[in-house]
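Engineer: So the protein lines, in turn, are chains U and W. All letters in the first sequence, in the order written, are residues 34 to 407 by my numbering. All letters in the second sequence, in the order written, are residues 34 to 407 by my numbering.
Just so you know, the hints here were simulated from the structure itself, not pulled from any lab data. You may find that some hints are simply not true.
The list cannot tell twin chains apart, which means a pair is met if one copy fits it or any two copies do.
Calculated pairs, DSSO-like style, for lysine-lysine (alpha carbon to alpha carbon, straight line, at most 27 Å) [as the list claims (entries may be wrong)]:
id, residue 1, residue 2
1, K120, K207
2, K386, K365
3, K296, K172
4, K215, K316
5, K215, K120
6, K296, K207
7, K322, K207
8, K35, K316
Protein chains: 2
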Amino acid sequence: MKTPICADLGIDIPVFAFTHCRDVVVEVSRAGGLGVLGAVGFTAEQLKQELDWIDANMGDYPYGVDIVIPQKYEGADDMNADDMLEKLEAMIPQAHRDFAEKLLGDHGVPPFSDESGPKGGLLGWTEDTARPLLDEALKRDNVVLIANALGTPPVEIIDEIHQTGRKVAALCGKAKHALKHKQAGVDIVIAQGSEGGGHTGDVGSIVLWKQVIDAIHPTPVLAAGGIGNGQQMLAAMAMGAAGVWTGSIWLAVEEAEAEPAEKQSYFDATEEDTVRSRSFTGKPGRMLKNVWTDAWEGPESPGYLPMPLQGMVTFDAMRRTKRYAGVGECQKVGFNPVGQVVGQMQQVETCRKVIARLLTEYVDALALLNRQMP
Amino acid sequence: MKTPICADLGIDIPVFAFTHCRDVVVEVSRAGGLGVLGAVGFTAEQLKQELDWIDANMGDYPYGVDIVIPQKYEGADDMNADDMLEKLEAMIPQAHRDFAEKLLGDHGVPPFSDESGPKGGLLGWTEDTARPLLDEALKRDNVVLIANALGTPPVEIIDEIHQTGRKVAALCGKAKHALKHKQAGVDIVIAQGSEGGGHTGDVGSIVLWKQVIDAIHPTPVLAAGGIGNGQQMLAAMAMGAAGVWTGSIWLAVEEAEAEPAEKQSYFDATEEDTVRSRSFTGKPGRMLKNVWTDAWEGPESPGYLPMPLQGMVTFDAMRRTKRYAGVGECQKVGFNPVGQVVGQMQQVETCRKVIARLLTEYVDALALLNRQMP
Chain U
34 MKTPICADLG IDIPVFAFTH CRDVVVEVSR AGGLGVLGAV GFTAEQLKQE LDWIDANMGD
94 YPYGVDIVIP QKYEGADDMN ADDMLEKLEA MIPQAHRDFA EKLLGDHGVP PFSDESGPKG
154 GLLGWTEDTA RPLLDEALKR DNVVLIANAL GTPPVEIIDE IHQTGRKVAA LCGKAKHALK
214 HKQAGVDIVI AQGSEGGGHT GDVGSIVLWK QVIDAIHPTP VLAAGGIGNG QQMLAAMAMG
274 AAGVWTGSIW LAVEEAEAEP AEKQSYFDAT EEDTVRSRSF TGKPGRMLKN VWTDAWEGPE
334 SPGYLPMPLQ GMVTFDAMRR TKRYAGVGEC QKVGFNPVGQ VVGQMQQVET CRKVIARLLT
394 EYVDALALLN RQMP
Chain W
34 MKTPICADLG IDIPVFAFTH CRDVVVEVSR AGGLGVLGAV GFTAEQLKQE LDWIDANMGD
94 YPYGVDIVIP QKYEGADDMN ADDMLEKLEA MIPQAHRDFA EKLLGDHGVP PFSDESGPKG
154 GLLGWTEDTA RPLLDEALKR DNVVLIANAL GTPPVEIIDE IHQTGRKVAA LCGKAKHALK
214 HKQAGVDIVI AQGSEGGGHT GDVGSIVLWK QVIDAIHPTP VLAAGGIGNG QQMLAAMAMG
274 AAGVWTGSIW LAVEEAEAEP AEKQSYFDAT EEDTVRSRSF TGKPGRMLKN VWTDAWEGPE
334 SPGYLPMPLQ GMVTFDAMRR TKRYAGVGEC QKVGFNPVGQ VVGQMQQVET CRKVIARLLT
394 EYVDALALLN RQMP
């Protein structure tokens, strides 16, 4: 498609695929979109392995990396990551740990046996843990975009990324946050409506997109939240979006590394089966509604801790229910962030098929609009 | 525009304007759209006056009437409206009445002096009160559409309307409700996403529209919730909507009969200033967030009563805050149902100007899509 963002980033179709799976990154980029690897939760060593694999398999195509680059925490200057982790751990009430552990136990979720992952729950959300991830990404020639999933990245980090010739994107759920991003120097704003999976506000896409596009014009805006087919993509482009940022639809593609039970949970869900819940990270995020999300809202709940504490409590739950998705009643207490578009997800497709389908549906819908031309 | 629904209803542009103001009905229809008078809250006598005025001023243009045609209440057969009202009144705890009255008093809302309106709060939401409204509407030659704002209308009522040669529309917020409507014989389904004003579910427009359109194809679907300009209209049409159902944008047009203070409250609001609240009718509806909506969620709140009881408690608050919108702190406790699109509403325009703007923005946005054609 002949859009400025396609020319800028060297892609054929302005479909951005957020995914934690390296295979999906490669397949989407090779099909003409831009694969973006969600690196939160990886250690620097793990990220290096993933990016090595991507570079070995990608050929000449561009891709992106998504990191959470936080503003500094108050008082964090004098502390290393281990000290901070310890200090934060001490702030977690035992009742929260017990509540989470009991939910897992009651539903037969096995303990995690592999301790090679990142330490309990900071998930790369402090500058100390994010920095090595960013450095690793910036070593890669084919990385054309660094995306920031939460908040406005620090100005000096944006400058640093710009000096390497890459673009910076950042997510927002409110028009005023988009303005903040732009003022800080962000090149591309991703406006994610309430329909979307993961951290999301409560303004719906059809309103948010318009508000953000108008607020920061001519800065390009990627539309996110509720895009699963070519008609929804056309709707976003009709409003002046520079492209679409998609996540949910890549969770169950053939190339996605996930247990069959997890993929099936998406096919089984309707558009009514998600909920915006603070139960995993402490901030409202959309995910499949299940026993876990209900329990944290229920009368026995100890309440939610603020980020990053809630995520430290639930980190073990996240990885155990992901790893053992098909075991016991893991799906009842599992962490499955996904948007309302899950109701449209019906079957396993390849990434290439999804991209081709988006394009076909887009072209067909545009032809219909032209036949109805006022 | 050359769409089937335009041909069916004899309109030029598939923009449906829901409004409680007769002037807006006339102006929108005369500008090529379809004005739809929201008749809930009118007595039959009041509705007769409004429709007489519309018929005298409309000329040859079509319009619609929106009524709530409920399924029968259990046990309602043996009761007339007065008996039912009395029985329902007896079910309302005094604490709820006191809580509402205290909020009004604390914010200087004057008592209502005019008792000519309908009796306290059933608002035409029982068959006994809805029937005379429907009969009145069916006397009018230019009424081409009867819309039902809540639930599936009874099959025998749909048949009766069909026999007079008119179409029946019904709102939904879930795909499964759209299917129920279709099975009952409804001709046109209005799919209203969570962004919309008034009663609304929690599925966002961009997802809901797609799901409903697919679920009941080829039954026409009007897209509602978040449509305030031509780009948003194009987005809806891109997804295969037969037209758009709009409400919020008509609240502050020049022809809308509302106190300046009420119109100003919309211009002052951003897309973040609405909330889905049960505080007025007992069912979740989107409205301006204010002291009233906060108080009913607060620690002193007696909780929400089910429909229609909550509406009977708040009926007096609704009409007092509407009538005396500019007095005291009425806006802090007023009932202002409106969608998130309120953030786009900036100034008073005429109905004709709004329709012209929608068309211009639509055509411009479509031209841009064609330039970016894949």
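Engineer: It remains to establish, for every hint, whether it holds in the given structure.
Structural biologist: Hints versus structure:
Taking identical chains as interchangeable, the C-alpha atoms of K120 and K207 are never at most 27 Å apart, the minima being 32 Å within one chain and 46 Å between chains. Proximity of K386 and K365 under a CA criterion of 27 Å is satisfied in neither setting, with 31 Å inside one chain copy and 53 Å between copies. Taking the closest pair of Cα atoms, K296 and K172 never come within 27 Å of each other, the shortest separation being 33 Å inside a single copy and 55 Å across copies. In the homo-oligomer, the alpha carbons of K215 and K316 lie at most 27 Å apart inside one protomer (23 Å), although the nearest pairing across protomers, at 39 Å, exceeds that limit.
Within a single copy, K215 and K120 get their C-alpha atoms no closer than 34 Å, and across copies no closer than 59 Å, so neither meets the 27 Å cut-off. For the homomeric pair K296 and K207, the shortest alpha-carbon distance between copies (23 Å) is at most 27 Å, but the shortest distance inside one copy (31 Å) is not. For the identical chains of this complex, K322 and K207 are neighbours both inside a copy (24 Å) and across copies (17 Å), given an alpha-carbon limit of 27 Å. Taking the closest pair of Cα atoms, K35 and K316 never come within 27 Å of each other, the shortest separation being 38 Å inside a single copy and 47 Å across copies.
Comparing the model with each earlier hint shows violations of hints 1, 2, 3, 5 and 8; every other hint is respected.
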